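With the hints as a guide, dock the two chains, each given alone in a separate frame, to form the complex.
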Amino acid sequence: METGFRKARRQVIAALESGNYLHVSRGDIEVRNLLATGAVSACEIVDIIRSCNGTHHSSSPHHSVAAIEVHVIKRLGWYIKFYFIEPDTWFISVHQ
Amino acid sequence: MKILFEGDTGKALCEHCQAVVSMHYARRDVPFSDGQGAAKDILVGVCNQCDTVVAIPAQSTPAIREVRKQQLKSIEARLPAVYLDVLDAAMHAVSCEAGANLRKLFLAHYFQLLVQSHQSDQLQPVHEAFMQSLEQHRHQRGLTPSSSTRRLSMKVNPYMAEDFLALQQQTRMNQTELLKSVIARIQSDVLEIRDQGVIHALQHLARLAV
Chain R
1 METGFRKARR QVIAALESGN YLHVSRGDIE VRNLLATGAV SACEIVDIIR SCNGTHHSSS
61 PHHSVAAIEV HVIKRLGWYI KFYFIEPDTW FISVHQ
Chain W
1001 MKILFEGDTG KALCEHCQAV VSMHYARRDV PFSDGQGAAK DILVGVCNQC DTVVAIPAQS
1061 TPAIREVRKQ QLKSIEARLP AVYLDVLDAA MHAVSCEAGA NLRKLFLAHY FQLLVQSHQS
1121 DQLQPVHEAF MQSLEQHRHQ RGLTPSSSTR RLSMKVNPYM AEDFLALQQQ TRMNQTELLK
1181 SVIARIQSDV LEIRDQGVIH ALQHLARLAV
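So the sequences go chain by chain: R and W. Here the first sequence is numbered in the numbering used here, starting from 1 and rising by one per residue. Here the second sequence is numbered in the numbering used here, starting from 1001 and rising by one per residue.
This is chain W alone, in the form it adopts within the complex (with noise of 0.2 angstroms):
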C-alpha cells in the first residue's frame, strides 16, 4: 500500500465542480451520510476547487471503522410506547419468565438473523404493514393516536453492534427507525404468524438466559 501523506497531491472527479480536478490531501473531520456522527482528523483527499473531500483513500478506513464501532457501545432511542408493549407481549408469548430484562437477548438474536439470512430488505414492509395494522385498530375504536414514548436502552456487545451496523447500513434507517422494524418483523413473526421454528429457537434462548 502505498502510504498517503498531507501534502500529497493527485487527481479526482469532483462531484461538486462536475469535472475532473486536482485535489490534495489533507485531514478533516467527515461526517457520515446518515447524519451519525464524524471521522474526526483522518486523511481525505480535497477538491483544489472548491475545497470539497473528494476522496477517502484505503488508509482511513480502520480509523472510519472504529469511529462507527465506539458510536455503537450503547443502542438508545425512544420509541412510541407501543413498541415496547409489542416486543414485551412477543417475548411473553414465548415464555412467560421472558420480561423486560430479556429485550437485548432478542433483538441480539434477530439482528443476527436479519444479517446471516440477507433479510433486511424485508423490514420495511413489515414495519408499514405493522404500523397500518395499528392505525386500522385505532380508526376501527375511534381513538387518536398516542404521543406516549418509551425509552430503550441497551449496553450491546461488539457482536451486536456489528450486526445493527450492518443492518443500518443495508437499510439505511436510523437507530430509532430500524429498532421500530425489528420490533414490528418479532411481532409479525411471533404474535401474528406464530412462526414455529422462530417460537422454538427464541424458547431455547430464553431458558438459557433467565
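In isolation and in its complexed conformation, chain R is listed as follows (with noise of 0.2 angstroms):
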C-alpha cells in the first residue's frame, strides 16, 4: 500500500531521532551516503526533511521487489533516498 509523504516523512524523521536506521549495503559501503559514512549527522537530515512539503517528496516501486515503494526527497540540494520494510527504515541513498 502506497505510504503518503506525511506518513513516510513522519516515520523516517522518527527513526532518524531515535538511531533505528539501517543503510542499504550491496557487499561495500557506498561513500556518496554521507549518513552511512557520518560525513552529515541524523539531526541536519531531520532539518531538511521537517523543511519539506509534498512538492519535495515523491515516491516510486522499488526496482526488484516492487511491493516496496521508494520514497525521494530533494530539497536544498540533498538526494534522500529510503523505504520500509516494517519494522525498519532503510536508507539507499543521503547525498548532496
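Hints are computed from structural coordinates only; laboratory data are not their basis. What you are looking at is a predicted structure, and each value in this text was computed from that prediction instead of being measured. Take the hints with a grain of salt, since some may be wrong.
From the structure, some residues in chain W lie toward chain R, with a derived Cβ separation under 7 angstroms [what the hints assert, rightly or not]:
no., residue
1, K1002
2, I1003
3, L1004
4, R1028
5, F1032
6, T1052
7, T1061
8, V1067
9, R1068
The beta carbon of each residue, even a glycine, is placed where N, CA and C say it ideally should be.
Encoded structure:
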C-alpha cells in the first residue's frame, strides 16, 4: 500500500531521531551515502526533511520488489532515498 | 537507539538475491565503494541466502567515520608533472614569494571553498577543458604527450582532510583525479580568468603564511 508523504516523513524522522535505521549495502559501504559514512549527522537530515512539503517528495515501486515503495526527497540540494521494511527504515542514499 | 548484537536477526532487501530475505548480524570487514580501504570488523547485516553484506546499522557509522578520517591524515598522489608546474605557476602569479611550500595552503583554501559553495560539480568540466587545452597546445606544436610525473605529498589537518573527503564523496573521484581537477580550477581562476576576488584572497593567505 502506498505511504503518503506525511506518513513517510513522520516515520523517517522518528527513525532518524531514535537512531533506529539501516543503510542498504551491496557488499560495500557506499561512500556517497553521507549519513552512513558520518559526513552528515542524523539531526541535519531531520532538519532538511522537516523543511519539506509534498512537492519535494516522490515515490515509486522498488525495481526488484515492487511491493516496497521507494521514497525520494529532494530539498536544498540534498537527495534522500529510503524505504521501509517494517519495522525498519532503510536509507539507500543520502547525498548532495 | 536499539543496540544490535552479533546473532541478532532481521529482514532485508538483498540486491543480489533481488528479494526480501532473512539476515543476521555479524562482524565483517567491509570495503568502501570507491575502493579506498575498508572498515574492519564492523557490525553489519548479512543475507542468510547469499552471505552478502546487505545492511549497515547506524551504530556502525562512528567506526566507519573514524576509518575514513584516518585514511586522510596524509594526501599523496603522483601527478603528471605539468599539473604541479601549473599549480606552482598559479601560486607564483599570486605572489612572487609563494613557492612549493604553500601548495598545501592553496589547496586547503580551494577544498574549503568548493565544499562550502557547493561547486564540486563544476570540477569535472573545468578539468576536461584544461586537458583539452593542454592537448591542443601539444598538437599545435607537434609534441607527444609526456609521461613525466611528480609526487605531491601533504600531511593534512583534520579540517583539510574532512573537506577533501567531502569533495571525494561528492565527485566520486579518486585522490589523484580530484587533485588534478582542483589544480585545473586554480589554473582557470588565477591564470585564465584572473578572478580578482580569488587572487586577492590567495594573496592575503600567502602574506599570512610566508
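Against the structure, the hints come out as follows:
no.	hint	in the structure
1	K1002	holds, 5 angstroms
2	I1003	violated, 9 angstroms
3	L1004	violated, 9 angstroms
4	R1028	violated, 10 angstroms
5	F1032	holds, 5 angstroms
6	T1052	holds, 5 angstroms
7	T1061	holds, 5 angstroms
8	V1067	violated, 9 angstroms
9	R1068	holds, 6 angstroms
The earlier numbered hints that this structure contradicts are 2, 3, 4, 8.
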